[in-house]
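Peer 1: Sequence:
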Amino acid sequence: MFENFYVAVLNSIRGIGAETTKKLINYFGSAEDVLHAPLAQLQQAGVSQKIVDNLIAFRRENPAAAEKLFEFCHVKKIKICTFYDKDYPPILREISNAPAVFYYYGKLFPNAERIAVVGARDATAYGEKVSKMLGENLAAHGFTIVSGAARGIDTFAHSAALKTGRTVAVLGYGLNKIPSDNQLLLEEVVESGGVVMTEFPPNYEGGKRTFPARNRIIAGLSRGVIVVEAGEKSGALIAAKYAADNSRDVFAVPNDIFSEKSFGCHKLIHGGAILLDNVNEVFRRYVDDDE
Numbered sequence: 001m002f003e004n005f006y007v008a009v010l011n012s013i014r015g016i017g018a019e020t021t022k023k024l025i026n027y028f029g030s031a032e033d034v035l036h037a038p039l040a041q042l043q044q045a046g047v048s049q050k051i052v053d054n055l056i057a058f059r060r061e062n063p064a065a066a067e068k069l070f071e072f073c074h075v076k077k078i079k080i081c082t083f084y085d086k087d088y089p090p091i092l093r094e095i096s097n098a099p100a101v102f103y104y105y106g107k108l109f110p111n112a113e114r115i116a117v118v119g120a121r122d123a124t125a126y127g128e129k130v131s132k133m134l135g136e137n138l139a140a141h142g143f144t145i146v147s148g149a150a151r152g153i154d155t156f157a158h159s160a161a162l163k164t165g166r167t168v169a170v171l172g173y174g175l176n177k178i179p180s181d182n183q184l185l186l187e188e189v190v191e192s193g194g195v196v197m198t199e200f201p202p203n204y205e206g207g208k209r210t211f212p213a214r215n216r217i218i219a220g221l222s223r224g225v226i227v228v229e230a231g232e233k234s235g236a237l238i239a240a241k242y243a244a245d246n247s248r249d250v251f252a253v254p255n256d257i258f259s260e261k262s263f264g265c266h267k268l269i270h271g272g273a274i275l276l277d278n279v280n281e282v283f284r285r286y287v288d289d290d291e
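Using this note's numbering, the first residue of the sequence shown is number 1, and each one after it goes up by one.
None of the hints are false.
Pairwise CB distance ranges, derived in the manner of DEER restraints:
hint	residue 1	residue 2	range
1	Val287	Lys208	34 to 40 Å
2	Lys129	Pro63	52 to 58 Å
3	Ser48	Asn278	49 to 55 Å
Quick caveat, the hints were computed from the structure, so don't treat them as lab data.
All residues carry an ideal CB built from backbone N, CA and C; glycine is no exception.
Full structure from sequences and hints, please.
Peer 2: So this is what it looks like as structure tokens:
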């Protein structure tokens with residue numbers, strides 16, 4: 001179990017992302033061995049000298065990093081799941097650049113049937129109505145609703161799903177950096193049997209770079225991604241692209257042609273996304289096929 005904390009520490013070192021973490025573990029056999037390997041062996045592991053330098057500098061400055069992370073997570077009740085654990089969702093393992101580790105609150109259901117509902121932060125009344133309808137109805141039929149816990153469509157979908165089932169909130173920041181206006185919702189997610197998760201260390205601040213990374217996990221956890229409303233540069237379109245690139249279904253909800261929130265969804269539909277004008281379209285695609 002303690003190996004998980006070595007994996008998390010290794011993955012947190014500058015320049016060592018998910019793929020490099022997995023590459024080094026495969027070479028040395030464990031993350032603990034990577035963090036204790038001599039310089040000569042690190043230089044033979046097939047990674048750049050810059051990564052070797054970063055790793056050496058990190059462990060010199062943080063000799064007890066894994067132990068400190070363990071203590072911090074124990075106090076904060078934060079759990080860790082790595083790519084090598086049996087509870088790691090198999091569908092997430094399939095995507096390119098699958099996270100090597102994620103931190104979470106709640107209970108993992110690795111094989112749950114998940115659908116993502118994403119969209120604009122500044123949602124319209126129409127978008128609110130649609131996302132709530134989708135969240136409540138899909139959760140009632142056994143789907144776990146995945147979204148990013150942002151204001152607008154994400155929050156509406158999470159809140160509606162809580163009425164009838166489970167939901168998963170994927171964050172673009174560390175679990176110790178949850179904004180106060182999100183705290184109550186995320187507590188309810190966990191209390192209802194859902195999960196709040198992130199690949200970023202507990203004290204990691206969110207930023208422009210972190211949210212596209214979050215969106216790849218939203219798509220990776222889900223059989224399909226439903227985009228409810230999206231402007232021309234909406235982050236929801238990034239989630240849709242990750243979904244398409246990883247053989248997930250992309251659904252788009254049509255909207256008012258005069259609304260700027262329609263641009264992204266209509267563009268997706270023109271590009272081959274499944275037009276979703278009724279929740280039964282999801283049931284026909286998944287529920288009916290499974291019966």
